[in-house]
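J.: Relying on the hints, combine the two individually framed chains into one complex.
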Amino acid sequence: MPISEFKPKIVAFCCNWCSYAGADLAGTNRLNYPADVKIIRVPCSCRVNPIFILRAFQRGADGVILCGCHPGDCHYTTGNYYTRRRMTLLFSMLDYLGIEKERTRVEWVSAAEGAKFAAVMQDFVKTVTELGENKRLEDRRCKKP
Amino acid sequence: MQEAMKKRAKELLASGEVTRVIGWKKNEFDYDITPAVFESAEEIDRDFRYDDFCGPNLSKFTFKNQKNDTKTLVFLKPCDTYSMTQLITEHRVNRDALYLIGIPCFGKIDIEKIRADGTDGILSIASEGADVTVKTLYGDKTYVKADVMAERCLACKSKYHTIYDELMGEEGEVMETGRFNEVEKLEAMTPDERFGFWRGELSRCIRCNACRNACPACTCESCVFDNPDTGISQKAAADSFEENMFHIIRAFHVAGRCTDCGECSRVCPQHIPLHLLNRKFIRDIDKLYGEYQAGEEVGQRSPLVNFTTDDAEPDIVRKGGK
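Chains as they are written, first to last, in my numbering: chain A, 1 to 145; chain B, 1001 to 1322.
Next up, chain B with everything else stripped away, as it sits in the complex (with noise of 0.2 Å):
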């Protein structure tokens, strides 16, 4: 796929269709992917991959370098999509500047997975079908894929491409793989089992901002957390009040936008499980506003900036008859 993907990415710059590729690259290991803008066919060449670990989510950092006077040619696995039609939808990106090919994707890789087994010193990563051989300085090693995929991956939503101009490979599906079972474990748990759960979880915050950072939903020009004026502008938090503050805040600005990408879980430095936080918005609109899923299709409307006369009372949360 990487070369197929390389090589139309070299055609559709020489013939000046697109001027820039947006596509991922490889840092110091294997493991270390980040995504990047490629603008000649050398750069391609070099340091062009498309692997296993090419989690990052290729539709925020198109918002952030999109040029509006050339084309882009941007590459995107299906949950980028989403991300994708929900930034056209938001009228967040330029889709007339944008040249999108859909990839397929088989589930990425979580590196801490295979850390997590005492492997050390790696010097290379290769995955072929369901096994993946790790090199490392003191031999090497085997691991079944479906072991040590990220567990976004394991809880993959969909197959299937919510918007491109030309697609690779075959067209996936929509799926159903339980990404709701662990809200609804914490949702059976006691309001004091929930709340040491979170404090746990919650109380391992920097504040960092990588979770907002990463996030395809989150593309204020200003933002709440930057604003000195609300008092929770960017700072460690100095209170457990603060940690919650800022969690309940920045799930709750991306509530009805979250198109359950699982960006901020994998970006976080402390493994917070984040995307926890966005599932239960999602899950309460699916209950509450009828199923939606986020980035579906260009021009949908979000449930929180929607109502029907009709509507739960808040006073359902209380009662429990959720």
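Same shape as in the complex, but just chain A (with noise of 0.2 Å):
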């Protein structure tokens, strides 16, 4: 597939309180970001197993997003401490494994920035575009012909 070509399908978790009101402060003012990103509620971005993340890779996402409140305002207090050090982790046993390290992310996203929301989506969406396709983390029973 031509690069041109290539739409990238990005999952971003976004977490209920901060960065999902993020994402629709965003859109009330009609801030552009690429479609390729499919949003996924999560109660916290500490409800987001490593799992989860495995398992986008596995069912065709190119990149993974994990977006959340800014540390310290996390609306159970204490939840995106736990996210930083697991994810933390967790990306860097990708890169260990030899995974590209640019198809995971984490974002602190507020949900009065809209704009930032926009503009994090706008360059996770253009680093993957460019990195192509997953190809270090698919399973090829999921990819349709």
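Hint data in this document are derived by calculation from the structure and do not stem from the laboratory.
In this text, a Cβ means the ideal position worked out from N, Cα and C, and glycines have one as well.
Hints may contain errors.
Said to hold, decoys possible - Within a straight-line C-alpha distance of at most 27 Å, the following computed DSS-like cross-link-like pairs (lysine-lysine) qualify:
id, chain 1, residue 1, chain 2, residue 2
1, B, 1235, A, 144
2, A, 101, B, 1287
3, A, 126, B, 1319
4, A, 7, B, 1319
To be verified - Reference listing, derived: stretches of chain A covered by chain B, where coverage requires no fewer than 3 residues with Cβ under 8 Å from a Cβ of chain B:
id, region
5, 15 to 26
6, 84 to 94
7, 130 to 139
To be verified - Output of the computed footprint for chain A on chain B, the stretches with three or more beta carbons under 8 Å from beta carbons of chain A:
id, region
8, 1181 to 1195
9, 1242 to 1256
10, 1279 to 1285
T.: This is the structure we're talking about:
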């Protein structure tokens, strides 16, 4: 597939209290961000289990981004601190296994940062588009012919 | 040491202090040693073993075979005591029902290293000090112990017992043997080389789950790998994705709790260096959140259920600042 035609599939896990509202704000402010981003709402960024991220890749995602409240602002007080440690270790492990480290990302987006949400998504989609298809964590059985 | 252990076990059984003894016994071959429960002096006389093949970590076996109403004697090598301490911290074993005896360990022999030399038809193996004498159908062979020692023992982290009621022999010390050298070597490779290396290793996985079953940190009643709803339950991996997924998740689930006892690699029938995954997590934790050795003392808080407000951001991986 030529690069110009390639449209990445991006899964964005957004926490209910900050980033999901941030995405909403981006929408109401009519800020554009690529439609390749599919948002999955989670109660807290801490809800995201490493399996969720791997499963997203299995089912055809080319990039996975996890958005939550800024550290210190978590609705549940401490959830995103745990997320931060877990995801740092998980991403480091993916890199250790030779999987492109640019395909995964964690960003803190508050409910007031609609512009940041759009900017982050644009940047992430651009990065993943340049990387191309996810080959190293793909499940060939899940690929449509 | 074996005779002293037998004697002490029989004494404790006779006095009624304990009613069961957890130790090692020999199977058909000298190098084929399994954990076992002994309940009488006769059984101990007949089967009890402690030699350079007693690799299995008795902590996991104790977890699976514990009884609350009676006291059990468990013999623990230094690396087993780390696992035991971790199990006690996590309330997975009942400390009151255990009588722990710390025993010294001089490194265990890896039978595969002897076999790799072309040695076949092994009748018996005896190790005395630095010499290992192997009697085979085709004559005797002698090895230097350091040459046939298990990899995990060559990079032994500690001869120190973290927990015991009674100690046999002398107390050892925590050691520095460069156990992260191989991890560093992998980290220095390019991502493509690393990917190639791990594909070569992980594609051999037959999903026998031996690594999980032997791991003293894997003590969940119902394991994620047994839950059909997760889509990663027990079955041979059908795709390279599943091999990656299994090993990432297995290592992640014990991250921060893994004491680096090396059981996963020892039991792997395919000789996948699984400990390198665990050590990567240990190393990252050491670097990012401060030095941490799981199982060092009872009541420690694992780094993954803890945090500080100024932890490193996950971006550190992408930006290579680590």
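J.: Does each hint hold? Answer for all of them.
T.: These are the hints, each one checked on the structure:
1. 1235/B with 144/A: Status holds; Cα separation ~23 Å.
2. 101/A with 1287/B: Roughly 19 Å separates the two Cα atoms, so the pair holds.
3. 126/A with 1319/B: holds (17 Å)
4. 7/A with 1319/B: Cα-Cα ~25 Å, so holds.
5. 15 to 26: violated (count 0)
6. 84 to 94: holds (count 11)
7. 130 to 139: Holds, because 4 residues of the region 130 to 139 of chain A bring their Cβ atoms closer than 8 Å to Cβ atoms of chain B.
8. 1181 to 1195: Contact hint for the region 1181 to 1195 of chain B vs chain A: holds, 7 residues under 8 Å.
9. 1242 to 1256: Contact hint for the region 1242 to 1256 of chain B vs chain A: holds, 8 residues under 8 Å.
10. 1279 to 1285: holds (count 4)
Of the hints listed earlier, the one the structure fails to meet is number 5.
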